[in-house]
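Asks: Sequences are here, hints too, so could you generate the full structure?
With the first letter of the sequence shown counted as 1, position 81 gets the number 1539 in this note's numbering; the numbers rise by one all the way through.
By construction, these hints were calculated from the structure, which means they are not laboratory data.
Hints should not be assumed to be uniformly reliable.
With a straight-line cut-off of 25 Å between C-alpha atoms, the simulated DSS-like cross-links for lysine-lysine are [what the hints assert, rightly or not]: (1) Lys1463 - Lys1546; (2) Lys1642 - Lys1544; (3) Lys1556 - Lys1546.
Using C-beta positions, here's what the derived DEER-type ranges look like [claimed, not checked]: (4) Gly1625 - Asn1465: 23 to 29 Å; (5) Arg1624 - Gln1569: 30 to 36 Å; (6) Ile1598 - Gly1644: 16 to 22 Å; (7) Gly1477 - Ala1506: 20 to 26 Å; (8) Glu1508 - Gln1569: 35 to 41 Å; (9) Trp1601 - Ala1506: 48 to 54 Å; (10) Gly1477 - Arg1643: 42 to 48 Å.
C-beta: ideal position from N, C-alpha, C; glycine also.
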Amino acid sequence: MAEDKFNLETFGWDDFFAGGFAPYASEGYEAGRVFLQHNRIYMLYTAAGEAVAEATGRLRYNARGAEDFPAVGDWVAIRRTAGEDKSKIHEVLPRRSKFSRKAAGRETEEQIVAANVDTVFLVMGLDNDYNPRRAERYLIMAWESGAQPVVVLNKADLVENAEELRGEIELIAPGAPVLFLSAKRGEGVEQLMPYITRGRTVALMGSSGVGKSTIVNRLLGGEVQRIQEVRVGDDRGR
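Replies: In structure tokens form, the structure reads like this:
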């Protein structure tokens, strides 16, 4: 048997997902985690390396709606067939958390945006973007998803009343950490590190232009996420 290339625990595999996968493991399936999805084609991390996959006809036929298809972050049970360039996704394993929205053109159908997120950074800029009502909406989405919310107030160098703003946010975010930082200056980013540990999945939520890409680049130590120009006047990224 070929030696495994990846340790799945690095990508968040734990007893919860192993339990959901147990019936498929005994039938010779492989486990994989979706990290990219486009037009029903999925890129996965598996123990053997990266894989390209698509859903089986049975999975597509039995799907009650968009929420039953794999989404980014999902763990799935797959089979490989010699001579075929795509693996087949036979089942989506139970989700621990999920971010969803209404599917385009459907009033009631749910579409999963991201699955199995442990912590979500709710990012707002302390400039034109700061809005407690928006923060409250983000918090509700995070709590409903099952992920742990962390409020990240970026561009802290632009304000002098940080503690006043902290109190304002803490009133609507009981139990959620509230962090101030300036990603552009690299100040305070280290506060995020305790939430980014091996096997933990983190997502960032926020309006365009609040500095999400800058935060990611600071965390990874390089310009991994290309930062686009910000329009003067509304601070929105293009």
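Asks: Compare the structure with each hint and give your call.
Replies: Here is how each hint holds up against the structure:
no.: 1; hint: Lys1463 - Lys1546; in the structure: holds (20 Å)
no.: 2; hint: Lys1642 - Lys1544; in the structure: violated (41 Å)
no.: 3; hint: Lys1556 - Lys1546; in the structure: holds (23 Å)
no.: 4; hint: Gly1625 - Asn1465: 23 to 29 Å; in the structure: violated (43 Å)
no.: 5; hint: Arg1624 - Gln1569: 30 to 36 Å; in the structure: holds (34 Å)
no.: 6; hint: Ile1598 - Gly1644: 16 to 22 Å; in the structure: violated (31 Å)
no.: 7; hint: Gly1477 - Ala1506: 20 to 26 Å; in the structure: holds (22 Å)
no.: 8; hint: Glu1508 - Gln1569: 35 to 41 Å; in the structure: violated (25 Å)
no.: 9; hint: Trp1601 - Ala1506: 48 to 54 Å; in the structure: violated (37 Å)
no.: 10; hint: Gly1477 - Arg1643: 42 to 48 Å; in the structure: holds (44 Å)
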